[in-house]
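Protein chains: 2
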Amino acid sequence: MFTVALAKGALLKDSVSMFLRVGLDFSEVLAPSNRQLMVPSACGKAKALLVRNGDVPVYVSYGQAQLGVVGYDVLKEHQLPVANLVDLGFGTCHMSVAVKATSGYESASSLPANCRVASKFTNCARAFFEEIDLPVELVHLNGSVELGPITGMAEAIVDLVATGRTLRDNGLVEIDELFHSSARLVGHPLSLRLDNGDLQKIIEAIQTQTLTN
Amino acid sequence: MFTVALAKGALLKDSVSMFLRVGLDFSEVLAPSNRQLMVPSACGKAKALLVRNGDVPVYVSYGQAQLGVVGYDVLKEHQLPVANLVDLGFGTCHMSVAVKATSGYESASSLPANCRVASKFTNCARAFFEEIDLPVELVHLNGSVELGPITGMAEAIVDLVATGRTLRDNGLVEIDELFHSSARLVGHPLSLRLDNGDLQKIIEAIQTQTLTN
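Sequence order for the protein chains is A and B. Counting in this note's numbering, the first sequence runs from 1 upward without gaps. Counting in this note's numbering, the second sequence runs from 1 upward without gaps.
Don't read these hints as lab results, they were simulated from the structure. You may find that some hints are simply not true.
The list makes no distinction among identical chains, and a pair is therefore deemed to hold if it is satisfied within one copy or across any two copies.
Calculated pairs, BS3-like style, for lysine-lysine (alpha carbon to alpha carbon, straight line, at most 27 Å) [stated by the list, open to error]:
# : residue 1 : residue 2
1 : K100      : K13
2 : K45       : K120
3 : K45       : K76
4 : K47       : K120
5 : K8        : K120
6 : K201      : K100
7 : K120      : K201
8 : K120      : K100
Please work from the sequences and hints to get the whole structure.
In structure tokens:
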């Protein structure tokens, strides 16, 4: 019996489909009536732990889940000790710097020194601006980061962009890109070393079906 | 024209009612169809900024909102420079230490040294355990903190308790209390000093109706 940490939200449906293709049926977690946070697979061989996006690497790094599915953006932001096993190919998006379309800035390096940058991903943002050697004041927000430039609190944001619709709807444009992101299969390093074969079998099946997909 | 930051979620309905009683009608934010994050009051004298709980003190401390309504728990956790103006009396709950009912621990000080404590409020938890002189390993979670003890990742949690139903449903019991919380009216200190009377009038009306309520 092993445990898989699944992120609630945008990645959940694809995560459940992927496990279904390798023989683990967690589709109960998708039922609108489901309120359980721990759901056994139909075969009883594994269970799913339904947690927030940012909590997946926490449960995997402490070994409470042996495997997990989470966006690369979350792994980059939190830097927890988990093994990054397979790029699953879904949940693709990119981390971008965006500004008001009317601001005139054309790249991150053209932003004024010490300007304010709002983000949910302040660690990623800090690393990026240090790399381009531009001192900025980071403002950590928990949601609706696009309000930063709209209210005038921040000159720029660093945020995940999937379709770009939120940016467009709010009169913002991308001026730089930090990295691409997609869903990753992660594992608890010690559990992988002590594995009797069960985890390896699942990981290999996922690798195979990801390559052929 | 001034701006009021309102927290989405549990406090929103009571916040809107309170402003309505002092003459500012933001009830549009409660419409299920509302997708706007900035909503003008019916009279046009103010606007509401609809943000996450934890972002209310951010917008108020930067002066993008002159007033805000947010739980005392969030103010304690983030310690941002906002003026704590009125205890609004609604949204009451308390911050507690809870453990599995079967664990046998009867108070926070009986927890083993260096045990793991999961919380969304790690700053509050850190201050509390330092005060009682018990070294613990804090695990920051973003949601469903009750999974910490259930999965065996943490021996205790520090979390907000309103009705206690979540704890009971998950076989957890409170063993200590950090503080009581309720919704607070907060203000941007500089805006309050530069106020031409508009903010003061609203604050006084809220104080009066909170006292008589």
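Taking the hints in turn, this is what the structure says about them:
1. Proximity of K100 to K13 under the C-alpha cut-off of 27 Å is found in neither arrangement, the shortest distances being 33 Å within a copy and 32 Å between copies.
2. Taking the closest pair of Cα atoms, K45 and K120 never come within 27 Å of each other, the shortest separation being 36 Å inside a single copy and 31 Å across copies.
3. Taking CA atoms no more than 27 Å apart as the test, K45 paired with K76 passes in neither setting, with 31 Å inside one copy and 43 Å between copies.
4. Taking identical chains as interchangeable, the C-alpha atoms of K47 and K120 lie at most 27 Å apart only when they sit on different chains, with a minimum of 24 Å there against 30 Å within one chain.
5. Taking CA atoms no more than 27 Å apart as the test, K8 paired with K120 passes in both settings, with 17 Å inside one copy and 17 Å between copies.
6. For the homomeric pair K201 and K100, neither the shortest alpha-carbon distance inside one copy (48 Å) nor that between copies (35 Å) is at most 27 Å.
7. Neither within a single protomer nor between protomers do K120 and K201 lie at most 27 Å apart by alpha-carbon distance, with minima of 36 Å and 35 Å respectively.
8. With identical chains, the CA atoms of K120 and K100 are at most 27 Å apart within one copy only, with a shortest distance of 18 Å there and 32 Å across copies.
Comparing the model with each earlier hint shows violations of hints 1, 2, 3, 6 and 7; every other hint is respected.
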